Each structure stands twice: as C-alpha cells, then as structure tokens.
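Which chain is which? The protein sequence lines are A and B, in order. If you count by this note's numbering, then the first sequence holds residues 2 to 99, one letter each, in order. If you count by this note's numbering, then the second sequence holds residues -6 to 201, one letter each, in order.
These aren't lab readings, by the way, just hints derived from the structure by calculation. This structure is a prediction, so every number in the text was calculated from the model and none was measured. A hint or two may mislead.
Facing chain A, from chain B, some residues (calculated, C-beta under 7 Å) [claimed, not checked]:
#	residue
1	R72
2	S76
3	T80
Okay, the calculated bits of chain B under chain A, using three or more residues with CB under 8 Å as the criterion [to be verified]:
#	stretch
4	-1 to 7
5	82 to 94
Ideal Cβ positions, reconstructed from N, Cα and C, are used throughout, including at glycine.
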Amino acid sequence: MSGRELRDLDPVLHAQQRLAIVSILVSVEEADFVYIRKTTGMTAGNLSVHLDKLATAGYVAIRKFIDGKRPRSVCRLTPAGLAAFETYVETLREYLRI
Amino acid sequence: MNQEFNEHDSLRLITQMIRQAKIDLQKGSGNQILLWGYSIAAIAIINFALVQIYGSRNAAIYAVWALCIPLLGLSMLLRRRKSIERTAVSRIGSMIASVWNACSISLGVIICIFYTIAAGSGAGEHFALIVPVIMAVTGLALFATGRICRFRPCIYGSAVFWAGALACAILTAGLHRHDLHLLVLAACMAAGFVVPGHLLNRYVGQGT
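Please take these sequences and the hints and turn them into a complete structure.
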C-alpha cells in the first residue's frame, strides 16, 4: 500500500487488535469483555488497552456494572464507531477495487 | 496479534470476526419455540378432551389456559438465565426478541378485546374467532422471524399458521365445530413451532 492510501485509513482502526474488536461489535448489539477476549484470543491486559483507545476515540461505549456477584464490562459500538468502520471498509474496498 | 498487517489481512480479519460472532450467538435459538410449541399443543389437546367430556358450554374447562401464566414465567426465567450466561447480544437476536415481544403484547390486547366485548354485551359468539385470530398474528411473528434469521422452516411454519386460521374459519362456517379449532391449533403448533424449533437447534448444532 502506498503512503497516500495508508494516510486515508483511520489509524485508530488500522491496528489488528482494534479492528478485530470493532468487527465483532459491528456484528452484535453488544458484547462483554470475556466474549471479546475469547473471540479475538487476546490477553485481558492487551484487550483493556485497546478498548481504552477505542473508547477515548469515541468509537466504543463501555458500560461497567455488577451482575450478581461478578463485575462485567459490556461494550457496544457508538454511531461514530460505526461510521468510522464503514469509512475504513469503504477505503479498503476502493483501494482493492472490490 | 501483530499490528503490521496489510489491507488483505484487514478484510480477512473483518470477515473472520463477523463470521465467528454470528455462529457463537445462535446456540439454543430454538429452545423458546420448542417450549411454547409443545406446551400450547398439549394445552390445546387437553382443552379439546375436556370439551368432549364436559361440553363446550362449560366455561370452567377453559381455565386450563391459565397454565399459560406459569409457562410465561418459565419462559421469562429461561430468557433471564440465558441473558446472564450470554456474553454478547446479536442484532438478529435482539430483532427477533422485539418481534415476539410485540406479538405477545398484540395477543394480550386481542384477548382483552374479546373478554371486554363478552363482558359488555354478554354475548360469546365472537369467541369462535379467538383461535384463528391468534394463529394469524402468530403466523405474522413466525414469518418475520424466518425472514430476519433467513430460516425457511419458520417461513413454512407461518404458512401453516395462516392456513390453520383459514381452516378454523371453514370449520366454523361449514361444520359449526368450534371445538376443532383446538385440534387445528395443536397441529399448527406441532408443524409451525415444534418442527422448526428442532430443525433450528440442529442447524445451529451443525454450524458450531
């Protein structure tokens, strides 16, 4: 990929871990931390770091609560996150001429 | 995971994650359909047997439908338990839940309308319509479910319910046999709920 096209891709999403997280959240209404960790195969620490980056960018909303006795973090894609993902996929498709 | 990946890897990763999320979220999808299918079919057959024994004018025999109240409680308990165990909510699952919530509310309103009219006018002839109307509304929800999850047996099931509703009208108009509505309902629950429910669970089992 050339430098110009690399610049077109959102740097927040153009990282394997964060793209994996957002791809999961695109296909579900919401998903909890454990589900995302198991599906992506990431470690808990690594996932936390990337979720924080996505939350800081406004792409993911994280809801933390106590479910019975266990703490849970449920994540969902925000409208800004969905728009960013659609733009990312569109840029990829244009580059690959799909 | 490595951050250095090209555009082909990106697309592959997106496809893989979306596919994985889709498969994982469909386990046990047919259980609610099976619960209601078997239970309503059994209640309808019991009600039919009671009509044959005590006659259709005996209002007490219809109290068997009160079993739907604990059934609703059990259904909600199973949904609650599943929602606790479930670590993600699919968009499809959310849409289907909305369809059946709307269907349940519609059926509740329809039943209230029938009883309100009966209480107000004292007449009960319109109760001949209750089973076909309920089946037509259920057929609508089953059709929407089939279309949302692209599962043909649910669509065929909806056709069974609509045909059953018409069959009830014919039985009433031609034979004046309202009691047979209960057998039609039981048959429709078996063909339209039980069969698609088992097929759905088997389909999901094969996909995971």
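Hints and how they fare:
Contact between R72/B and chain A, as hinted, is not supported at the beta carbon level, the nearest pair being about 15 Å apart and thus beyond 7 Å. Using the Cβ-Cβ criterion of 7 Å, the hint placing S76/B at the interface with chain A is not satisfied: the shortest such distance is roughly 10 Å. The restraint placing T80/B at the interface with chain A holds, with a minimum CB-CB distance near 4 Å, inside the 7 Å limit. With a threshold of 8 Å between beta carbons, the proposed coverage of the stretch -1 to 7 of chain B by chain A holds, since 8 of its residues qualify and at least three are required.
Coverage of a stretch by a chain is defined here by at least three residues with a beta carbon nearer than 8 Å to that chain's beta carbons; for the stretch 82 to 94 of chain B and chain A the count is 5, and the condition holds.
Comparing the model with each numbered hint stated earlier shows that hints 1 and 2 do not hold.
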